[in-house]
Amino acid sequence: EAQVTQNPRYLITVTGKKLTVTCSQNMNHEYMSWYRQDPGLGLRQIYYSMNVEVTDKGDVPEGYKVSRKEKRNFPLILESPSPNQTSLYFCASSLFGFGEPNTGELFFGEGSRLTVL
Amino acid sequence: AQSVTQLGSHVSVSEGALVLLRCNYSSSVPPYLFWYVQYPNQGLQLLLKYTTGATLVKGINGFEAEFKKSETSFHLTKPSAHMSDAAEYFCAVSDQPGGYNKLIFGAGTRLAVHP
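So the sequence lines, in the order shown, correspond to chains A and B. Using the numbering used here, the letters of the first sequence map in sequence onto residues 4 to 120. Using the numbering used here, the letters of the second sequence map in sequence onto residues 2 to 116.
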């Protein structure tokens, strides 16, 4: 089954304790991206990757890191989480990548709800 | 810069009634427009998209949307609401011509359907 898998789905942590949210897709997609969803704000892009080893900042990258060492995986790293990073996080992927116009559907994972105390 | 405004954070309709969810966009380039639906505790799922060509776009589950350039609108409609349509709906616009590096989402509209 074609899917985007995120883990963990739910996490409660404390300020300053490093954490990683993993994201994996099995559709051989070039493009991957992370969004956060907050009430009244919709979804805002954190980082995106057009291809392996190619990443770029979205609209709200502060406090986050990403890496794209393999095509299928795109982990989101919070080096020192703070309460303002409490949110619902979505990983998404689509077929097209670097050098091609991305006109395709974004496929979303089921979300990871993070609470930072 | 591109932006999306969804009018009405909550919409309530009766089962069988017309569904109309409003989306207006601002874009300095020919936009690509999308509607996504989010069911409780799930990720977003594409309902339909407009890229080029026919301005009336049909999607899944009986939804459709019409791109109106003169009104900078992309409203989502369904002739007859079903209980299963209760969800949150997001309109989105591409950030560049001919494609996107990111989709810019509206704040969402939560649709309630009552018997």
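Keep in mind that a hint or two might mislead.
Covered stretches of chain A (chain B as the covering partner; in silico rule of three or more C-beta atoms under 8 Å from a C-beta of chain B) [said to hold, decoys possible]: (1) 46-55; (2) 58-70; (3) 83-93.
Source of the hints: derived by calculation from the structure; they are not laboratory data. As the structure is a computational prediction, the values presented were derived from the model and not from experiment. Beta carbons are placed, not taken as given, at the ideal position from N, Cα and C, and that holds for glycine.
Hint check:
1. 46-55: Answer holds; 5 residues pass the 8 Å Cβ test.
2. 58-70: holds (count 3)
3. 83-93: With 1 residues close enough to chain B, the hint is violated.
In the structure shown, a violation is registered for the earlier hint numbered 3 alone.
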